[in-house]
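Asker: Can you build the whole structure from these sequences, using the hints too?
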Amino acid sequence: MIDIVLNSSNADNMPSDLAKTILYYWQRDQLATEIGLQRLLEAAMRLEPEKTISLVEELGLPELVVILRQSAKA
Amino acid sequence: MEFGIEFVPRDLYWKTTYYAIQAEKCGFDYLWITDHFNNRNVYVSLGVVATYTDRIKFGPGVTNPYLVHPIVTAQAVCSLNEIAPGRVVCGIGVGDRTTLNMVNVTQSSPLATIRESVKIIREISSGSDVHHKGEIYNISGARFNFRVRSKIPIFIGAQGPKMLSLAAELGDGVLINASHPRDIENAKQFIHQGARTANRDPSEIEVAAYTSFSVAEDTKKATKAVLPVVAYIVAGCPEVILQRHGIPKKLSAEILDAISHEKWKEAFSKVTPEMIEAFSICGTPEQCIEKVSKLVRIGVTQFVAGSPIGSDMRRSIALIGQYILPSFR
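Line by line, the protein sequences are chains D and B.
Reading the first sequence from the start, the letters are residues 0 to 73 in numbering that gives the first Met the number 0.
Reading the second sequence from the start, the letters are residues 0 to 328 in numbering that gives the first Met the number 0.
Don't read these hints as lab results, they were simulated from the structure.
Fair warning: this is a prediction, and the values are worked out from it, not measured in the lab.
All C-beta atoms in this analysis are idealised placements derived from N, C-alpha and C, irrespective of residue type, glycine included.
Don't take every hint at face value.
Taking beta-carbon pairs under 10 angstroms as the criterion, some of the chain D residues facing chain B (in silico) [said to hold, decoys possible]: (1) Ile1; (2) Asp2; (3) Leu5; (4) Asn6; (5) Ala10; (6) Asp11; (7) Met13; (8) Ser15; (9) Ala18; (10) Lys19; (11) Ile21; (12) Leu22; (13) Tyr23; (14) Trp25; (15) Gln26; (16) Asp28.
Answerer: Spelled out as structure tokens, the structure:
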């Protein structure tokens, strides 16, 4: 998921406070924790919603896919 | 043997910082951020890096005294040193001609400019009042209103014989802009010469090879990423260095012409395997280890993986951390 964020062509849309939160967790090796992943997912959805949903589908998390699709529509 | 990595702050600040944190986790010792006015400001970038890292040393790699007065450079690195005590270094050189040309700044009296700049940075950052009347600068009683807690090592970027000697005379380290053992060997004789002039033991001077570097799982990918960088190097390369590597001046002129007319495809198609060999270190981790080893054997004390690093920055940093660094430690 970090690759989706780093390689996104919409990277300019990343809010600075969210970027700093991600850096904070990355520095502390907490990007793979629940809260770290939440922030990463939030960033990925902001920058690349379709790619992110596809990735979550590949990971076999259908319930999360439904939630993400709803949030993408909203 | 120490390892450094160079970032160009063309990317958004948070990407550069993400990679800086990754480089620190992978075991890099130094992070160098380039200083060109048309990219993001080097000290702003380093300030963020300072906040999100804990161990890695960092500094401008390299700043130049033509656009930034040495007193301001000293102020910037000393301020950074408050955020990251003992981790800040200062790389200084004559700068990049192409970007300086854009603002009509000429690299006049390079040796005197660097000599005086280093003296000024060193004096003011050691807490002294600076009184300097030189060929280039005239300073009467400048001092900081804050205390600098530790010494800032100064690395001098050098390529030509006179600058290499001066760097060894004055610097804590020399950043040699070269990737090939032949160029480093050649540079070392001038470094020794400069050290002798200053009655210094050459072994106390850090010798850093600041290379064009690209690593990937397969050679083709790594080479493709480094190709544009090599084209630019060849286009701006002094004839004596081209000759050292058996590259015809005519070919270099053709590449320069294609670049200046923005004919990128044509320029890059003229880059030969010999040019890539001479002006970069690229390939698979195994191939890179072999090439870095040659530099270590001739006395390089810091290897700097410079731009482009690879086509996929995150993956390339991971490969260096996983395979290359451990084989030298």
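Asker: For each hint, tell me whether it holds in the structure or not.
Answerer: A quick look at each hint next to the structure:
1. Ile1: 7 angstroms, holds
2. Asp2: Since chain B brings a Cβ to about 7 angstroms from Asp2 (chain D), closer than 10 angstroms, the hint holds.
3. Leu5: 6 angstroms, holds
4. Asn6: 8 angstroms, holds
5. Ala10: Holds, because the Cβ-Cβ distance from Ala10 (chain D) to chain B comes to roughly 6 angstroms (cut-off 10 angstroms).
6. Asp11: 7 angstroms, holds
7. Met13: 7 angstroms, holds
8. Ser15: Holds - the Cβ of Ser15 (chain D) comes within 10 angstroms of chain B, reaching about 8 angstroms at its closest.
9. Ala18: 4 angstroms, holds
10. Lys19: 7 angstroms, holds
11. Ile21: 7 angstroms, holds
12. Leu22: 5 angstroms, holds
13. Tyr23: 8 angstroms, holds
14. Trp25: Check passed: Cβ of Trp25 (chain D) comes within 5 angstroms of chain B, closer than 10 angstroms.
15. Gln26: 5 angstroms, holds
16. Asp28: Holds: closest Cβ of chain B sits about 8 angstroms from Asp28 (chain D), inside 10 angstroms.
Checked against the numbered hints above, the structure breaks none of them.
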